[in-house]
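Q: Residue numbers (numbering that gives the first Met the number 0), protein chains in the order written: chain A, 0 to 340; chain B, 0 to 340; chain C, 0 to 340; chain D, 0 to 340.
No lab work stands behind these hints: they were computed from the structure.
Careful: at least some of the hints might be erroneous.
Unchecked claim - Computed beta-carbon distance windows for the label pairs:
hint	chain 1	residue 1	chain 2	residue 2	range
1	C	301	B	73	37 to 43 Å
2	B	120	A	18	56 to 62 Å
3	B	259	A	60	52 to 58 Å
4	B	259	A	326	24 to 30 Å
Unchecked claim - Straight line, CA to CA, 30 Å or less: simulated DSS-like cross-link-like pairs of lysine-lysine:
hint	chain 1	residue 1	chain 2	residue 2
5	C	22	B	304
6	A	198	D	144
7	D	22	A	144
8	A	304	D	22
9	D	304	C	66
10	A	66	B	304
11	B	66	C	304
12	C	259	D	304
13	B	304	C	66
14	C	144	B	22
15	B	66	A	304
16	B	66	D	66
17	A	22	D	304
18	D	117	D	144
19	C	198	B	144
20	C	66	A	66
21	B	304	B	151
22	A	259	B	304
Said to hold, decoys possible - Some chain B residues flagged as far from chain A (calculated, every beta-carbon gap over 12 Å):
hint	residue
23	7
24	114
25	133
26	155
27	172
A quick note: this is a predicted structure, and the numbers were derived from the prediction, not measured.
Where a beta carbon is used, it is the ideal one built from N, C-alpha and C, also for glycine.
Number of protein chains: 4
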Amino acid sequence: MLIVMNKQATPEQIESVVTEIEKRGYVARPIPGGDRITIGILHNQGPVDAAPFLGMPGVSDAISVTKPYKLVSRECKPDDTLIQVGDVVIGNGHLTIMAGPCAIESESQALTIARHVKAAGAQIFRGGAFKPRTSPYSFQGLGEKGLEILAKVREETGMPVITEVMDDETFDLVESYTDIIQIGTRNMQNFSLLRRAGKAQKPVMLKRGMAATIEEWLMAAEYILEGGNTDVMLCERGVRTFVSHSRNTLDLSSIPVVRKQSHLPIIVDPSHAAGRRDQVIPLSRASVAAEAHGLMVEVHHEPDKALSDGAQSLYPEQFVRLCREVHAIFDIFHPADGELA
Amino acid sequence: MLIVMNKQATPEQIESVVTEIEKRGYVARPIPGGDRITIGILHNQGPVDAAPFLGMPGVSDAISVTKPYKLVSRECKPDDTLIQVGDVVIGNGHLTIMAGPCAIESESQALTIARHVKAAGAQIFRGGAFKPRTSPYSFQGLGEKGLEILAKVREETGMPVITEVMDDETFDLVESYTDIIQIGTRNMQNFSLLRRAGKAQKPVMLKRGMAATIEEWLMAAEYILEGGNTDVMLCERGVRTFVSHSRNTLDLSSIPVVRKQSHLPIIVDPSHAAGRRDQVIPLSRASVAAEAHGLMVEVHHEPDKALSDGAQSLYPEQFVRLCREVHAIFDIFHPADGELA
Amino acid sequence: MLIVMNKQATPEQIESVVTEIEKRGYVARPIPGGDRITIGILHNQGPVDAAPFLGMPGVSDAISVTKPYKLVSRECKPDDTLIQVGDVVIGNGHLTIMAGPCAIESESQALTIARHVKAAGAQIFRGGAFKPRTSPYSFQGLGEKGLEILAKVREETGMPVITEVMDDETFDLVESYTDIIQIGTRNMQNFSLLRRAGKAQKPVMLKRGMAATIEEWLMAAEYILEGGNTDVMLCERGVRTFVSHSRNTLDLSSIPVVRKQSHLPIIVDPSHAAGRRDQVIPLSRASVAAEAHGLMVEVHHEPDKALSDGAQSLYPEQFVRLCREVHAIFDIFHPADGELA
Amino acid sequence: MLIVMNKQATPEQIESVVTEIEKRGYVARPIPGGDRITIGILHNQGPVDAAPFLGMPGVSDAISVTKPYKLVSRECKPDDTLIQVGDVVIGNGHLTIMAGPCAIESESQALTIARHVKAAGAQIFRGGAFKPRTSPYSFQGLGEKGLEILAKVREETGMPVITEVMDDETFDLVESYTDIIQIGTRNMQNFSLLRRAGKAQKPVMLKRGMAATIEEWLMAAEYILEGGNTDVMLCERGVRTFVSHSRNTLDLSSIPVVRKQSHLPIIVDPSHAAGRRDQVIPLSRASVAAEAHGLMVEVHHEPDKALSDGAQSLYPEQFVRLCREVHAIFDIFHPADGELA
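When you get a sec, could you build the whole thing from the sequences and use the hints?
A: Spelled out as structure tokens, the structure:
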């Protein structure tokens, strides 16, 4: 249930509604919108009776929520969420490109790649310090040393950075270094981690699980918003199917569905979807044409020597081409004078 | 095995190689290329010894084929196949849009939609006369009456038409009316039908099976080429996955893979992939951005009254927008002056 | 809609109901049950009004059918279908084992294997004469020569035979030789073939498509029953998933679902599901424990020399063990004295 | 690489080999087998040279490991792992049945169900105290109160208990109460949790991820064994496919594959695979027929009132039948006098 307040509702009226909600044992969550406040009723079991609220001063309407998710839904918040990270804005009307190596391997590797991708047009630098690896015997990332290198990259290039957090234990550490916290595919339903991310002071990028429905994905984001962190972006990275010509099958229909159901931005990771360098540019172009709000792309100056996922990393010159081409597509639908869009 | 002839090879030299191949019990298939002839060796069991051919006059090289498919492969024919249908050319460098209703319902319905889609920019008219239906009790199409209406549409609008053939029994009839013969998803491995299509005098569009690998799909096309018909285009229409927010999951990574492995054009059908009107435009844009050679889109002027698949049919005005947007994307990569491409 | 007649309904009363149905433009199909006749109303578009029928003499009830399939459903025919093939009965209460090579290769191969499997307990001999092959260059079966060998096997061993039919063109030929007509996975929705099978005088085994839902599978069977052939058995053979440790993923939950929804027998093909010899016995045991009505198993005396699918064929001695073990499981639930069952 | 010692190898000889391995920067892990010690070499990057070890006293052989997993593999430990929990032994030759409600709801609910399932033949009681839920607004389990109830059940009935652990934070707490620690599907690749489980003093049951390959699953188990905990059992619970007639598709071919590749016991959870009560008994029978080492089954005395997953919970009398039937199947292959097995 959403209680929609009048545009002129006073703070006292809002407070009264919140009190009335909490008196019934529910949780009240005021959600600022364009020109009015909406108050979500959370943690109700079964339907809520609208009558008592409709009669209160300042209340304009009570809307029953038809989806299992609430805070992430457009029903709850019709305006697109825009996330500010340094000078970069992520969300509708913007095309944000994040790029960098799969794993941070050394300061020199990271800085070399960062300078390349910045020159090509990337706005955010990506790189793994803690790596989730199928095998306990594989390279697990540089850990805190990797985080320090990310901080160095930010200092040298001015680019905000994004890196993955793998567990509660290292969350504070990762949060203290990074600008955006990434939650990976394998942790999409690690509910403890989602709850911790709900308390974070930094934006979160939540990757889709490899066999997750959109509803499960949005419910996972709901955990973060429910915890109080509203700066959440989603990341489509392909789902596991019978197909073997790519590592995963990129599900681009998730973009229109997410954009319709939710106000959160949606980014696409074509590198992990494909698992092969030669599909990354076509899939990047397709993602932007389908109105993704951004891309996260793996780039390496020496992919053959990469400690992880080299086969899917673009060469720097390929990334230059990618940026040029996706911006050309984006510009069609977002012209300065608004003609075609 | 492919025997590559010199540019200057004489017809007699080519004939000698063919004879030599057939003497060994294989089938020889000369394949004209840009500036030279290549001769495919088919129906060999196990490897072929190159030595006897390499010594023959006019022979430049012998190439072992590493994929199970031959005639459809780029190894065999490096140049893109271009298919001419009336004034329309399908294949690399062209963007072909086929549109129309799922099923032909009446002359008036077909003509109304045909005029709409032609005005919006469609070059080829689609419409089912024989419909494969899950239930024996569903509308099965108008049959020959539907084919007559298609002929009428061609006559009135000048657009070539494409329609599905379902079996050997009605193949001659369908072939006599249509400009392009469509083989549907459920028949992708109907090998008798593929063999018959190999004898057809009309181009064939082969849709991907709903759980087919790219190799199986190319092998199905190989059946048609092996039969002698080289005018084959492929049609990606999504694969079946656990996903329920769309009817199928469109696998756009198939485009770069098919373009790399094969010389055949690849078309995308976003309507059957999505099964929902509101995903068709984003998926169409994505397909063209990923370098599909064309689209096949369902359009209906009264989708709520459609006898089949109304929920995925675009309204005419949506199709106008679709055409404008996909051409804008296509033009980026195929400018008159060749700048960006 | 099903019109259920009284137990004492006369042929004249039944005829009147049929006439009344046909007067409305529908098709009437009387279905004999245990002690009464039910009349199915087919080919109605939209709901049928029950009132006119309920008032007719001899009519006991009118039942609205809630599933898209009718003739295959238990609603329509509560009793299990039993199919008699020579001395063998297939269906509830029986465990039928069909075995033999993937493809008939020679008379000596077929007879050798047939004697082995008969001695081990197989009741029906399987072997392909027309083989659906992914590649046009693979062994396509012996054709009519293979059918003649099957007839020879029947003559020599007394076992009925089952073989696959691939198209309308060879249907008469296959039907004239075989005892059970198999329709393969790739043809599950070859509707022309299903219609032809509906006219056949022999029982049909319909394999599940590799990405078919149970509803689609039952609807495909509905085509055959609608054509007039009620001797149809279904064959589960696994569905295509992301899994690579077996060729397909055997979906044993289809057994309880089919048994509940339909009166048709369900057979399992563990050989094509697994694609690997070492999974065939465990999956066979599991299938019988889950109450499959039978098994179809590939056996070859020299699997390493088999012209197709040797890797999944059991050695004769493995098949002996399989028969002994599945019968031991079957006997638990079908004891002579009915104790545990 | 595995260094296989002689049967007569002395502790000093073993120690020398360990020292030699560690001198090279690897980790040495002695693995006791039936009559000899094998020493695993872990954390090597690239191949290890066998020569220096083969010449050492007490060394019988050096075996290169061909799979990415080591400690979980049969190559490394040919004998089946047997896990003792109270009086119950889990592993080859035993059939262990775990049963209970999805979630612990109250002491009275838990004790009522526990007495039912014990009387029917269950050896281990299951019940969730911390529940992973798709929605933050769903019942999340009773937490520590639930653990206390589990302890009460053990005290009253003598049955060991199994419950799920969801995060590092509550791991100590869960470990202090439970007899077997369950790691759920969504956490199969929560590597921090796996590492913590590797330090646990209690056996661990690791459920398969909903889109996990067997290799990924065994690698996840490898994390636990690598941490020092060798009492690990695996639990097959179905994979996500396009199928909708069951919640997941139970992949019984995983049983023969796991039994061949690994020495760890494998349990099946038919309740979560099916998601529907009416498939649980057939799938349980199938699992035991395919040689699972045990079952984990949801049972509730009032499933319609269950706070989670009631639709898949068996009624107590159905569970009685399940136990009787699966034991009858198990007994065929494990008779007292060993006749059929």
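Q: Would you mind marking each hint as holding or not holding in the structure?
A: Here is how each hint holds up against the structure:
1. C:301 / B:73: 37 to 43 Å: With Cβ atoms ~39 Å apart, the hint holds.
2. B:120 / A:18: 56 to 62 Å: holds, 59 Å
3. B:259 / A:60: 52 to 58 Å: Holds: the Cβ-Cβ distance is about 55 Å, inside 52 to 58 Å.
4. B:259 / A:326: 24 to 30 Å: holds, 25 Å
5. C:22 / B:304: This hinted pair holds, its Cα atoms lying about 27 Å apart.
6. A:198 / D:144: holds, 26 Å
7. D:22 / A:144: At roughly 26 Å apart (the allowed maximum being 30 Å), residue 144 (chain A) and residue 22 (chain D) satisfy the hint.
8. A:304 / D:22: Holds, because 27 Å separates the two Cα atoms, which is no more than 30 Å.
9. D:304 / C:66: With a Cα-Cα distance of about 29 Å, the restraint between residue 304 (chain D) and residue 66 (chain C) holds, given a limit of 30 Å.
10. A:66 / B:304: The given pair, whose Cα atoms are some 29 Å apart, holds under the 30 Å limit.
11. B:66 / C:304: holds, 23 Å
12. C:259 / D:304: Cα-Cα ~26 Å, so holds.
13. B:304 / C:66: Holds, at about 23 Å.
14. C:144 / B:22: Cα-Cα ~26 Å, so holds.
15. B:66 / A:304: Distance ~29 Å between residue 66 (chain B) and residue 304 (chain A) Cα, so the pair holds.
16. B:66 / D:66: holds, 28 Å
17. A:22 / D:304: Distance of about 27 Å is within 30 Å: holds.
18. D:117 / D:144: holds, 22 Å
19. C:198 / B:144: holds, 26 Å
20. C:66 / A:66: Between residue 66 (chain C) and residue 66 (chain A) the Cα gap is close to 27 Å, so the pair holds against 30 Å.
21. B:304 / B:151: holds, 22 Å
22. A:259 / B:304: holds, 26 Å
23. 7: Given a closest Cβ separation of 35 Å, the condition holds.
24. 114: At roughly 25 Å from the nearest Cβ of chain A, residue 114 (chain B) sits farther out than 12 Å, so the non-interface label holds.
25. 133: Given a closest Cβ separation of 21 Å, the condition holds.
26. 155: Answer for residue 155 (chain B): holds, closest chain A Cβ roughly 31 Å.
27. 172: Per Cβ check, residue 172 (chain B) is outside 12 Å of chain A; nearest 36 Å; holds.
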